[in-house]
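S.K.: Now for the letters of each chain:
2 protein chains.
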Amino acid sequence: MLSKAKIKLIRSLQIKKYRQQEQLFVVEGAKSVVELLNSDFTIDLIAGTGEYLSSLSAPGVMLAEVGKNELESLGLFQSNESAVAVARMKPNDALKPEAGDFVLALDDIRDPGNLGTIVRTADWYGITQIVASPETADFYNSKVITATMGSFTRVKIYYANLEEFLPRLPSRHVYGAFLEGQDVHTVDFNEGGMIVIGNEARGISEGVGRLITDRITIPRFGHAESLNAAIATAVICDNVRRRSR
Amino acid sequence: MLSKAKIKLIRSLQIKKYRQQEQLFVVEGAKSVVELLNSDFTIDLIAGTGEYLSSLSAPGVMLAEVGKNELESLGLFQSNESAVAVARMKPNDALKPEAGDFVLALDDIRDPGNLGTIVRTADWYGITQIVASPETADFYNSKVITATMGSFTRVKIYYANLEEFLPRLPSRHVYGAFLEGQDVHTVDFNEGGMIVIGNEARGISEGVGRLITDRITIPRFGHAESLNAAIATAVICDNVRRRSR
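Protein sequences, first through last, are from chains A and B.
When the count follows this note's numbering, it moves up by one through the first sequence with no breaks and lands on 250 for the last residue.
When the count follows this note's numbering, it moves up by one through the second sequence with no breaks and lands on 250 for the last residue.
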């Protein structure tokens, strides 16, 4: 059973203001909750069906058995799910990348689905550090967490003003995709660097654009005007790893 | 002014049953409507703000001036938009690819956003033929059309049973992504072929899996369990074009 107070808390965490106030966020879905348990996040509570809870190894974590109807009534993003967890947000600590590391820099990625997919893709390509502009979607939004498919536990995000943060980094390279840059198939990615991904509609902002040292381009073979931001991230990451293997 | 009957029609086209009955679909947003005008689709109607309509060159097309409130009341997918069009669906004609062509085969892509992003990505990479299983999301769903960012006008989709259609194609190659295939960075894509993309949760189905001649793998450098279906499509297409330039 979940207390009325806990139900109210979980529902309120769909809103950023309450997440920031409580420093808590919601993780939905059986698989994501297992990833959460295997991570270094502090877990406040797991609510799930009896069958699901009995499958978990979660010493020291508060468990609450709930029915499927009760889970659905929590107003969650996914339906037909068997579990939900409440966990503590991590502090917004500055990244300290070393020379040779690749870091993604998100310049106003507004869509939560795009941000979640970018986090999942970064994790696939072994890029575990992301710096995001303050206008980027909130990492702890349920839609973002769900779209990461568990990768939120392995990728560190830091919200900061990119124009202030980028110049402080050890790498000489700040890569950014433009229409007239070097073909990403031939770029030498051996020294690490920042990879800037621009806003879905406007691309890379003028201020951040001035900090780009290496303009790169994903070659086009057809007629679409542009690529989705998460798609562009993936194609760049694939070429980064292929060229620095 | 839009008549009550037209408003009712436009709203009904959010539902697949009515789209199929009327053989009509809705295109939302200023840019997408311009792409529609420049395509070979037959347009039934364009409704938009006076300012937008006066910017169009659309001889022979029925135009209806509407206010922003009226546009929003149509229950559209996007808000703050200046136009909506109704156009005629194309018949579900069989693809007739030639040897050397690349064709995407979608094995139950259920999410409309994923399908739209795949269409946009295919267009970027010059792949204009898609065959999709009957369980794949409907191409004419507004969310799909919007996510294609205009590429719905340049990419042809054909819904068919993949197990029946694939064996009839001229190319010897049917590529499919699995965990233990050949590294996509080294595959020889010179002869064209089908590129099968599996369902978001289950991957490629057993029946279609039996038809795969070339098992390929996107190399992983980190820890995510899988990639989003549209992301995997993009990475494969980028390697296809890089290796067959």
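A portion of the hints provided could be inaccurate.
Repeated chains share a single entry, so a pair holds when one copy, or any two copies, can fit it.
To be verified - Listed next, the in silico BS3-like pairs over lysine-lysine satisfying Cα-Cα at most 30 Å (straight line):
(1) K9 x K148
(2) K73 x K161
(3) K101 x K73
(4) K21 x K148
(5) K9 x K101
(6) K11 x K101
(7) K95 x K9
(8) K22 x K148
(9) K13 x K101
(10) K9 x K161
(11) K101 x K21
No lab work stands behind these hints, which were simulated from the structure alone.
S.K.: Check K11 against K101 for me: Cα-Cα at most 30 Å, and say if that holds within a copy, between copies, both or neither.
M.R.: Close neither inside one copy (37 Å) nor across copies (58 Å); limit 30 Å.
S.K.: Measure nothing new, just compare the shortest in-copy and cross-copy C-alpha distances for K101 and K21 to 30 Å and report within, between, both or neither.
M.R.: Within one copy only: 26 Å inside, 51 Å across.
S.K.: I want to check one pair: K21 and K148. Are their C-alpha atoms no more than 30 Å apart within a copy, between two copies, both, or neither?
M.R.: Classified as both: same-chain Cα gap 12 Å, cross-chain 26 Å, threshold 30 Å.
S.K.: As a check of your reading, is K101 near K73 (CA-CA no more than 30 Å) within one copy, between copies, both or neither?
M.R.: Answer is neither: 43 Å inside a copy and 48 Å across each miss the 30 Å cutoff.
S.K.: At most 30 Å between CA atoms: does that hold for K9 and K161 within a copy, between copies, both, or neither?
M.R.: neither (33 Å within a copy, 52 Å between copies)
S.K.: Measure nothing new, just compare the shortest in-copy and cross-copy C-alpha distances for K13 and K101 to 30 Å and report within, between, both or neither.
M.R.: Neither, since 37 Å and 57 Å both go past 30 Å.
S.K.: Evaluate K9 and K101 at a C-alpha cut-off of 30 Å and name the case that applies: within, between, both or neither.
M.R.: For K9 and K101, neither the intra-copy (42 Å) nor the inter-copy (60 Å) Cα distance is at most 30 Å.
S.K.: 30 Å Cα cut-off: does K22 pair with K148 within a copy, between copies, both or neither?
M.R.: Classified as both; 16 Å inside a copy, 29 Å across copies.
S.K.: Cα distance capped at 30 Å. Does K9 pair with K148 within a copy, between copies, both, or neither?
M.R.: within (24 Å within a copy, 37 Å between copies)
S.K.: For the identical chains here, do K95 and K9 meet the 30 Å Cα criterion within one copy, between copies, both, or neither?
M.R.: Result: close within a single copy only, 26 Å intra versus 53 Å inter.
S.K.: Taking 30 Å as the upper bound on the Cα-Cα distance, should K73 and K161 be classified as within, between, both, or neither?
M.R.: neither (32 Å within a copy, 42 Å between copies)
Violated hints, listed in ascending order, are 2, 3, 5, 6, 9, 10; each of the other numbered hints is respected by the structure.
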